[in-house]
Amino acid sequence: AQSVTQPDIHITVSEGASLELRCNYSYGATPYLFWYVQSPGQGLQLLLKYFSGDTLVQGIKGFEAEFKRSQSSFNLRKPSVHWSDAAEYFCAVGALTGGFKTIFGAGTRLFVKA
Amino acid sequence: DGGITQSPKYLFRKEGQNVTLSCEQNLNHDAMYWYRQDPGQGLRLIYYSQIVNDFQKGDIAEGYSVSREKKESFPLTVTSAQKNPTAFYLCASTFTGTHTGELFFGEGSRLTVL
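Going line by line, the protein sequences match chains A and B.
Residue 23 in the numbering used here sits at position 23 of the first sequence, and the numbers go up by one each step.
Residue 114 in the numbering used here sits at position 114 of the second sequence, and the numbers go up by one each step.
These are computed hints drawn from the structure, not numbers from a lab.
Since the model is a prediction, treat every value here as computed from it, not as a measurement.
Idealized CB from N, CA, C, for every residue including glycine.
Computed beta-carbon distance windows for the label pairs: (1) A/Gly41 / B/Arg13: 16 to 24 angstroms; (2) A/Lys113 / B/Glu69: 44 to 52 angstroms; (3) A/Ser18 / B/Phe12: 41 to 49 angstroms; (4) A/Gly28 / B/Phe12: 37 to 45 angstroms; (5) B/Asn28 / A/Ile60: 16 to 24 angstroms; (6) A/Phe111 / B/Glu102: 25 to 33 angstroms; (7) B/Asp54 / A/Ser52: 27 to 35 angstroms; (8) A/Gly53 / B/Pro8: 39 to 47 angstroms.
Each computed DSS-like pair below joins lysine-lysine, with the alpha-carbon atoms no more than 27 angstroms apart: (9) A/Lys49 / B/Lys71; (10) B/Lys9 / A/Lys101; (11) B/Lys57 / A/Lys101; (12) B/Lys9 / B/Lys70; (13) B/Lys83 / B/Lys9; (14) B/Lys83 / A/Lys101; (15) B/Lys71 / A/Lys101; (16) B/Lys83 / B/Lys14; (17) B/Lys70 / B/Lys57; (18) A/Lys49 / B/Lys57; (19) B/Lys57 / B/Lys9.
So here's chain B without its partners, still in its complex pose:
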């Protein structure tokens, strides 16, 4: 079955450590996105990528980094520079050709900083 797989589902980190969240899709989508979700704030866009080897900052990119070396993969690194990294992280993807914009989401990764 086609879909988006995020791993790990739960992750604990000590302050000062970098962590990388995985996002893989087999939907043949061009565009991929990372959102952060905090209670009462909805989803905020961290980074997005429309094509391989290209990505753009979203609204809250500081303290995060991404890469897009393959169409199927869009990993997110939460660096030690991110001041409040505890959150629920969601990866999504869509086709760009039709511009219908429907996002397909993974099940999320919950990061807790101890």
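With the rest of the complex left out, here is chain A:
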């Protein structure tokens, strides 16, 4: 069965510093991979997605992620964090099993300090 692991429950970075959020997945075939962001009390918004092709994908708000098949990873990066990036980030894997389902990791909460 597919699964997603986000090893960091929370991360704190200084404003202007770089960011990397880790994500590992388990899936038998080439996965559909996603990163979503959630502000408190809100729904989720898609940051970026990977299906095939170039393994480095660009998203909104200056985020990027790299798919590494050998490591089963899809880490999210941003070169310079802004205070408005403070939120919860979810990695997810999509699978075509009895219809298209998306499985989410437990999330990583990002704190940004001035």
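Given chain A's structure and the hints, the job is docking chain B onto it.
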């Protein structure tokens, strides 16, 4: 503007009562989903529907029921059989044709059992 509308945003319920959460979308999406969110556990899939008059159980369907009588609507009923219903509930939708899998989310409904 197109989007997903969930109502009510906040709901309080006494033990033993059924409650129904509304989810309406005007994005012309085929598939709709209900997720439950608890702190530290990410999003867990309750039910999903790929087409009208058809739906499938997700990972935590016990104590919940759904219907899909119209393409635009996918209400979730939290029954008295759900042992721990206090949570944040998120509805989402997507196109199935392209299988890109990007989910569009509503703003959520927070259910509290008193």
